[in-house]
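K.L.:
The sequence shown begins at 1 in the numbering used here and counts up by one.
Honestly, the hints are just simulated from the structure, not real lab data.
Everything numeric in this text was worked out from a predicted model, so none of it was measured.
For glycine and all other residues, C-beta sits at the position ideal for the given N, C-alpha and C.
Don't take every hint at face value.
[Unchecked claim] Across the chosen pairs, the derived CB separations fall in these ranges:
hint, residue 1, residue 2, range
1, D120, A221, 35 to 45 Å
2, L216, E55, 41 to 51 Å
3, E228, T28, 28 to 38 Å
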Amino acid sequence: MSGSSLVSIVIPVLDEERPLARCLAALTSEAAPWEAVVVDGGSRDRTREVARSFEGVRVIVAPRGRARQMNAGAAGTSGELLWFLHADCVPRPGAVAAIRRALDDPGTSLGAFRFRLDGDRRAYRLLEYGVAARVRLFGLPFGDQGLFLRRATFDAIGGFRDVPLFEDVYLVREARRRGRLARLPMPLPTSPRRWETRGLLRSSGTDLALLVLERLGVSAARLARIRERA
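With the hints as constraints, model all of the structure from the sequences given.
P.N.:
This is the structure we're talking about:
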């Protein structure tokens, strides 16, 4: 892999002006070559204006839906390495370089950062432990861990499956059929807002139940309806 390999960062957004500003500000300290595209699914706040205020960041508009937005973002970038980043994550310095080092290994097909909730609650640490166990035992990181892979692998898979839920899970499974998962020790802090809004136990329990149902063959569309009612 060339030492100048460009990392293309794809950030799907919908009304994310506040968290997006923190995310992009964190990226400005990266020395390794990168580009970023913010893919807006129809924001009504200042998300697009915030994105355009950062050098090296472009904005494109795509049909709403995380999978559709991320596929559009990948198509609109040129780097041979892709990093799919949630807007409410705050990358640590050196994250881009860590991605490039991980993908220097030809046997690695996919990678993810260590899950970390941004806050000091003890309950957050327990949740992080559970996520680490899932990744270690089942090789299944979620999108909030900053999935990254080579564009060639992404294209061979066919991109993200256009489903309302678990598009990240399907991508991980397909990528792992083509090589190893790199579990980076570097944390990727993410906002706890989803867990706080729905409750830590409720959110975690729902996620686990949905994963089990998915393995039993329940469709992604039905799983999304179940999550809405949970």
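K.L.:
Compare the structure with the hints numbered earlier in the document and write down the numbers of the violated ones, lowest to highest.
P.N.:
The structure breaks none of the hints.
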